[in-house]
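Now for the letters of each chain:
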Amino acid sequence: MTLWTINAAGRKEFCGGQHARELAAQAADACTGFVPDDEDELVSDDLRTCYNCRYRRWTVASFECMLAAII
Amino acid sequence: MQILVSIDDTDNLESRGTGELAAMLARDLTEKDWGSSEPVTRHQMLVHPDIPYTSHNSAMCFAAQLGAAYFNTFSDYAQEFLRQESAQGSDPGLCIVDLEKLSSPQEFIAFGYKAKSIVLTKEEAYGLARRLNIHLSEHGGSGQGVIGALAGAALRLTRNDGRFRGHLKIETDGDTVSVSDILQKTYVEIVRSLDGDILQEHEVVKLGNKVKAVLLEGKTTLPVVPLTVAPGETARWQTCAKEQFRRF
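As you go down the protein sequences, you meet chains U and V in turn.
Just so we're on the same page, my numbering is the position in the first sequence counted from 1, plus 18.
Just so we're on the same page, my numbering is the position in the second sequence counted from 1, plus 1072.
Pulled out of the complex, with its shape left as it was, chain U reads as follows:
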């Protein structure tokens, strides 16, 4: 399955939505830029998952990866 798409804002958005636990963990495992967010913003008990990354920006249906914006 393709994990990412480019959304209307031109940013990289996760295709799995907000509840694809395994896919989000796989994506984070494959990423060299993962950094856990503040404890208050962690939403998964899997620590290393894009859902817990400080560079994810929530959208209505999923999240955008903002890592490219800061590199």
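Keep in mind the hints are simulated off the structure, nothing from the lab.
We put the beta carbon where it would ideally sit given N, CA and C, even for glycine.
Careful: at least some of the hints might be erroneous.
As the list claims (entries may be wrong) - Which chain V residues stay away from chain U? Per the calculated CB distances, all over 10 Å, these:
(1) Met1073
(2) Glu1092
(3) Asp1170
(4) Ser1175
(5) Tyr1185
(6) Leu1200
(7) Asn1205
(8) Gly1213
(9) Arg1235
(10) Ser1252
(11) Asp1253
(12) Gln1256
(13) Tyr1259
(14) Glu1289
Unchecked claim - Subject to a maximum C-alpha distance of 27 Å in a straight line, what follows is the list of computed DSS-like cross-link-like pairs (lysine-lysine):
(15) V:Lys1291 x V:Lys1314
(16) U:Lys30 x V:Lys1188
(17) U:Lys30 x V:Lys1314
With chain U's structure known, arrange chain V on it following the hints.
Relative to chain U, chain V alone:
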């Protein structure tokens, strides 16, 4: 006087979170002997393409008992604090509500709930703040954070929204604790299941990693879920997983 202090949009992708700044401000209020602060709560607002936010569009708020003579002192301090501590590129907003002077709590609360469902403007926020005698100020960038700051205070006033910043420290010998101990050793007022069952003091809860409380129906609440009881174990409940906290 009883006040609510709420801040929003103080961070960027690399900086400290808004919750940390709110906690610092709450601590400073107490340490300077201006009054005493309560724990910080996080309030989630609408996620929408037309709303600029860093990563989650949430505001942070705390309640405090403030000496009446210190309102202006604290307000000046909080404004300077945000100017100094907010991250580059952020759009910080500050809201301070003197609850005795708040002229229409119902209208205020309605604004908070609106911020969860529709896109609001700075003009609407400033207009409401003026009408209801609320301090609302912006301290850099676009100042868009005033919307979330105002909404965060309104949602805290409901006492039925948001989760507390940080996690509870509950001393216990193992991984279980009685409801009685939770109520005595923390600021939790009630232990309640996600289905609404209120636990009695003799009941036992299995603690998960980093236990959090939420503000629910006027009470600081520890939410729990039923646990399949293993032979020899007394805990019939366990604290919620992070995924289950998303609803708060």
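How the hints compare with the structure:
Consistency note on Met1073 of chain V: stated as away from chain U, and its beta-carbon is indeed over 10 Å from all of that chain's, at 28 Å minimum. Residue-level check failed: Glu1092 of chain V sits 7 Å from the nearest beta carbon of chain U, not beyond 10 Å. Separation of Asp1170 of chain V from chain U is adequate, the least Cβ-Cβ distance of about 27 Å exceeding the 10 Å criterion. Once the 10 Å rule is applied to beta carbons, Ser1175 of chain V is consistent with being away from chain U; the minimum gap is 32 Å.
The beta carbon of Tyr1185 of chain V sits about 18 Å from the closest Cβ of chain U, which is more than 10 Å, so the claim that it is off the interface holds. For Leu1200 of chain V, the shortest C-beta to C-beta distance to chain U comes to about 26 Å, beyond the 10 Å cut-off, and the non-interface label holds. Residue-level check passed: Asn1205 of chain V sits 30 Å from the nearest beta carbon of chain U, beyond 10 Å. At the 10 Å boundary, the C-beta of Gly1213 of chain V stays outside the reach of chain U, the nearest C-beta of that chain being 17 Å off.
At the 10 Å boundary, the C-beta of Arg1235 of chain V falls inside the reach of chain U, the nearest C-beta of that chain being 8 Å off. With a cut of 10 Å on Cβ distances, Ser1252 of chain V stays outside the contact zone with chain U, its closest approach being about 27 Å. Chain U leaves Asp1253 of chain V outside its interface by the beta-carbon criterion, the shortest separation being 23 Å against a cut-off of 10 Å. Every CB of chain U lies more than 10 Å from the CB of Gln1256 of chain V, the least distance being 25 Å, so the non-interface label holds.
In this structure Tyr1259 of chain V is separated from chain U by more than 10 Å, as the shortest Cβ-Cβ distance comes to about 16 Å. Once the 10 Å rule is applied to beta carbons, Glu1289 of chain V is consistent with being away from chain U; the minimum gap is 22 Å. Between Lys1291 of chain V and Lys1314 of chain V the CA atoms are separated by roughly 20 Å; this keeps the pair inside 27 Å, and the hint holds. For the proposed pair Lys30 of chain U and Lys1188 of chain V, the alpha carbon gap of about 25 Å is at most 27 Å, so the pair holds.
Straight-line distance between C-alpha atoms of Lys30 of chain U and Lys1314 of chain V comes to about 25 Å, which keeps the hinted pair within the 27 Å bound.
Going through the hint list in order, the structure does not satisfy hints 2, 9.
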